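Student: Residue numbers (the numbering used here), protein chains in the order written: chain A, -10 to 392; chain B, 2 to 1030.
Don't take each hint at face value.
Ranges between beta-carbon positions, derived for each pair [as the list claims (entries may be wrong)]:
no.	chain 1	residue 1	chain 2	residue 2	range
1	B	986	A	109	23 to 33 Å
2	B	737	A	346	26 to 36 Å
3	B	921	A	323	24 to 34 Å
4	B	646	A	365	24 to 34 Å
These are computed hints drawn from the structure, not numbers from a lab. The structure presented is a predicted model; accordingly, all values stated were derived computationally and were not measured. Each residue gets a CB set at the ideal place from its N, CA and C atoms; glycine is no exception.
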Amino acid sequence: MQLKRTYLFILGLILLSSFTSIHSNTASIKLLTSQTDYIVGTNVVLEFSTTDAVQPMLYCSNSYGSTLISPTLENKKLRYQIPANIYKKVGVVNWSLIYKSNTLSGVFHMVPKPEVATMETYIGPPSIEAGGKDYTMLVIIPTDSLDNPVPKNTTVNAKHQFLASEEVDNIVTNNLIAFKNIYSKKESGRMLISSECLNINSKEFTINVMPAVPVDFEISAHRPHNYADGNQVTTFSTTIIKDKQDNVVSDGTFVIFYITNKSGNILKTSGTTLDGIATAKIIHPDYGDNWSIKAYVEGMSESNTITIAYTQVIEDFIVEFSKDGRDINVGPLQSFMQQMIPDGLQVKLLVYKNDILLEKYTKTSVDGYAHFYLKSDIFKPDNYNIKIQTAGLEKTFNNTKLW
Amino acid sequence: MKETSNKYLIVALLVGLAFHGSSIFFTLETTYDALIHLFFADHYANSWFEPWNYEWYTGFTVQSYPPLVHQSIGFFSLIGGLKFGMFTVALIAIVLFITGSYRFSLLITSDKTVAGYACVLAVFSSSFVETLHIFGQLPSIIGVSVLMHALPEIYLWLKTGKLWYLVTSLSLISVTVTSHHVTPIFGMVFFIFPLIGMVIMDVSREQVNTMKEVTFKVFLNSFFKLFKRIVSFGMLSLVIIIFCILPYWINSKANPITQVPIPHGSRDNFLEITSSGLVFFLIPWGTLLIVLPYIFYRYYSKRYLFFGLSITICTILGTGGTTPVPLKILGETAFNILTLDRFTLWASIMSIPLFGEFAYRFVQGDLKELIQTKFGAVYHRIIGGILAGLFVFMVMFTMSLGYFRPSQPQKIKMLPIVNFLNQDDHDKWRFLTLGFGDQMAWLSAQTNAMTVDGNYHSARRLPELTTRPIERLENSKFKGVAGIGSLQQFLTTPEKYNLKYIFSNDKFYDPILYYCGWQRLRQLENGIMVWERLNIPPVPAILPKEDVAKWLKILWGIMPFLTVLIAFVINIQMLWVNALKTKIKEKPDFLKYPTRYIKFPRGVLFITHIWSLILVCVVVYGIYLFYLKNDSQRSPENAIMAYYDALDFKEFETAHGLIDPDSNLPIAQYMLEISVTDGLLSSYAKMDAIETEVTMHNDSTASAKVTTQWITPLEKIEKIDYKTLSSHKGKWFLQPDDLNSDLPPDQLYSNNVTKYFNQGRRRITTEQTHHEDILKQPVLEVLSAKLVKYDNHYAIIGEVQNIDNVPADVILKGTLYNDDNKQLATYNAKYHIKHKLMPKESSSFRINFEGIAWSKTQDSIPDTFNPDEFTPVEFEEQPTKFNLQVAGNVSGSDLYKNIVLSELNIEDGVINGNLFNSGIQEITIPQLLVTYYNEDKNMLWVDHMFVKEGIRQQRKLHFEYPILKNGTVKIINDDMTNIFINGLPNDAISEKIVPNRIENHANTQFQKIEHPDYSYIKIEMNTYIGSPN
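Construct the complete structure from the given sequences, taking the supplied hints into account.
Tutor: Structure representation (structure tokens):
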């Protein structure tokens, strides 16, 4: 009988002990910390109560990575100090504690600080076209002192100044950034842009609003006189070239002037604008001519056509041959007041034999004369046809005998 | 037997070190090769075990040259810098050469006094002076010196069979091979084979009583007796030659030299090209030429017979292209790869012992007696004086050659360039130097930046370089048309090589740089102009390299110094033994065969006299010819030649001296006239050829037709002038030419222009440029573009406009595809575009597709190559589509647009016109871009012309442009979908900026022409300003 009691007692003890172990498994570690949102940068400690002396590691992970943390045990409390590289970053932190086969897990959030330390600001393109169609995009990334983005829907003031207007737009951050497309106005000019968030201001940015493509314009010609002496400069200028919003086109705009002369040949000169006015120069022709001039900004705008006439100055000239026919003197070449034409008038001499051009010489006049010498080793003694051209005139000497 | 120190050797060493040691500081840096070795040394100093070098040729391996000398310089540079290392190694080379020539002479002559004479003479031998002070071939000198040290050891091994000598000789051979690869290989043939012959002779001699009894049979017997030693030495040295620089051989096998041979002066016909004859024949032989009969007489005596054969072959090979014999002996390939001057060097070195012997006999031996008895003491003294005088003259002449005919441009201060490359990440791009000469190697040694060029042509890898017979891009103007042709391919597509900066020390290259789309950045304080090209990507962080096995790298890094160490220990140990007299040393075997100088053969003296007489005649005749050629006024041809030469070298005073004094043209006026002529021909041309045809000639006057060929950086120009000459007192003078007397309208005038300045980096910071400081790329628009075929080559033509508000630098890159979208070719626009466009300005363009010229090495390079022409790329398939990438970048330079077409006439297919400069800069080279259209005003072709003369301010310039004759142009594709501006589609951009474009706006302003294929043309003008102010 005593033996039976002993058995029962032992059984009872076993039963009892099994209950205790189950009890200790389920209830020995408990989360004590109730806070789940922390301001980023604050110290985070997770506390657990424990009945055992065991110190399991805490598995902890955020979007940057995962780590294991060892606890410290004080008064049956497990304290897990979350490391700085986790509590300094905004975002969700998952943790789990695995002790024997049981798992405790949870989540806490590192929320952004309600402050701005730096504003990363980007803007581009740095130059846009006037007219209201083109725009530049301002992107602001306000971040706190730990380089974390501010909370979603934080208000950012995008400010810009253009001519007389100063505007402030309230935009909110989303997906870490706040952005605004700033459209150009009708006018060209300089736009200054800055932004502000939680009393922190960005630096200043500059956007150039450039004029749009030019519209048609008019041209005029200026010259010292209207004689075709080949020695003065005619200047063409445009009116102030503007775009359709009345902005003066940007300096340096290339304007090309086409000149059609009497014989239908196309000459050209060009100028670049300064304050909208392009000027182009051309030397006077050395023979009477009628020019019609039209200027273009290619593919975009054009001018009216103007015509100017140049009066022939040299009516006739004398050609003198030496005895052997090889020394040829052309002149005097006289201008409109019978003055000697300024040096540099081109005189051409063409030598033909049986209508075949043998040689062509171009010389420039000196003191109103041009002088040619036909070398005997090039032109054997024979009869040649000689043509002399200058100032749009031509003289032909057929069957000139060279000795 | 008591050893006494040889006084002559000590004198030679002291004098040699004092003379060469002090003069190398003035000569070595301006030699051809020294700076190259310095660059290699810099490589080893920085990465001893890594053979790959990124700095030259887009990467090459230094295992392409034996490393000992470079590693030694690199090693010493760790103590006192690279130049310290170079001079230290040069001093060592001098000592090695003098002692080497002593030992070699002792071996040959078996007489210490004679050997002493020889080594004193060797100090001043003109071939050594030239190799060291003009060529700077340190490895070659060290190689041949160590080889001379090895010869006695080899002799002793063969003669005595003591294994110790085998070890010493092999140790020295290994040093030779690690310092220079060619020396031991040819040294085997030209030095060691004859030496073997000499040993056999000596062994045979021992078996009989007199030298006369040495018959072929005896000789053969001795040969078989020594056969084992000979073969063992031969095999072992072969193993050493291969093993010591094994990586070199592996590399040569992996990268065989497949390049077009580079012309070398030593292959010239010395009689035709006298400068080569001087440098590669006359100087290295020097005074030896006089004693040549004696040297041959002695070397053809029985004992030295094989040396006789060897020196004969060397002498003949050293004559280069003068006779066809060397070409036949060596064969085409070897003849074109080897530089033949080395044979002359070896022949002259081989002559040293006998030259010493001659000197000995002349000064205190039997020759002296013979001459004195025959001709008297005075004659002997005079002859001695003449010979000594000649000898000293040759030394002085050789030393000062570099002074009279500088082989290098003036020394360039590298520091500003090095600083520039270190600034602002400039070394993230490759650079190129122009007109630096061999100093480019010195620049490379001082910077980490990489260049596409290089100075060791055997290591070139780019096919653009290996297919050209040019050493370097940097001196391409001296390589004529092939050089410029090669250079312009690099300049046109620099992004392929990440080439962004060019340092130009020669304004000759300026026009080609400008017309290839480069712009001037600034002039450095050393006068070097920096050019840059926009839109070039930086060198990638990871570059390709050809790696070799680690054990090869280790072998390469350790072996050279190891061979020196071993050789040092083994051979110097013997010196210790000698010095401390721990052991009584036996007289070496080669001293057992002294020649007794008792009777100088009269015949030799006679022949030497005759030979000297012949030499004197040749020299006098040569001087006479030289005088005839250089007496500039002896004949009309000479006068013309001298005049053009003077113009070519810009020696205007000389040129003025040839102008008829009766024409009353003072030098001031002449210089003034010269100074106002600018342009492609007068400022950027180098005369290539001149042909004078005197059409009329009598006593007092002459007329000549002068046809000159000029190489300019842009194109080859042929110019025909008719010159009249007159004779005064037997001297011929030229008549001056007429001047353009065009008088500008205004004395003082003003011009308003828009100028731009780009700050670049606004903040002073080493960081990358802040994003707000980065300018937007200017928006361009391609107005039209099409792929056309003209005269069997393909081109993309079209028109591009800058539609932005800022000036743009335009880079056009075209790519051709076939129907299956396979890429066939890609190239950039070169001359046929205005690279700089003002806002709203447009330009016609044409992209040629150039192949790598003469890419098939068997294609011979045309003699009449025109830099303006190009080799069209060969298409295996038909190109049918194209892609055009246009990049714009803001640029404020070269925006001069004040050029006016002020007169136009079309006659007989030639456009005659006047260009007028309406601005305030002098136009150096005007360019016309002529666009051809069909009757529907559709663009068909773009042509260009450089006007040869410049235009001064407010002056007119006449030009003639011949309209293209045959003009069948086939339009293959005019689909404009694949055109991208700064990476964005062309259509979208143009739609946004210019939505209402007036299509074909200026069509009404095309010039009508009469032509079967074309109906209209448009002329655009572009300008190069040589010196903007």
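Student: Given the range 23 to 33 Å, decide if the beta-carbon distance of residue 986 of chain B to residue 109 of chain A lies inside it.
Tutor: 31 Å, holds
Student: Between residue 737 of chain B and residue 346 of chain A, is the Cβ distance one that fits in 26 to 36 Å?
Tutor: 27 Å, holds
Student: Lying within 24 to 34 Å: is that true of the beta-carbon distance residue 921 of chain B to residue 323 of chain A?
Tutor: Holds - the Cβ-Cβ distance for residue 921 of chain B and residue 323 of chain A, about 31 Å, lies within 24 to 34 Å.
Student: Okay, residue 646 of chain B versus residue 365 of chain A on CB: inside 24 to 34 Å?
Tutor: 28 Å, holds
Comparing the model with each numbered hint stated earlier shows that all of them hold.
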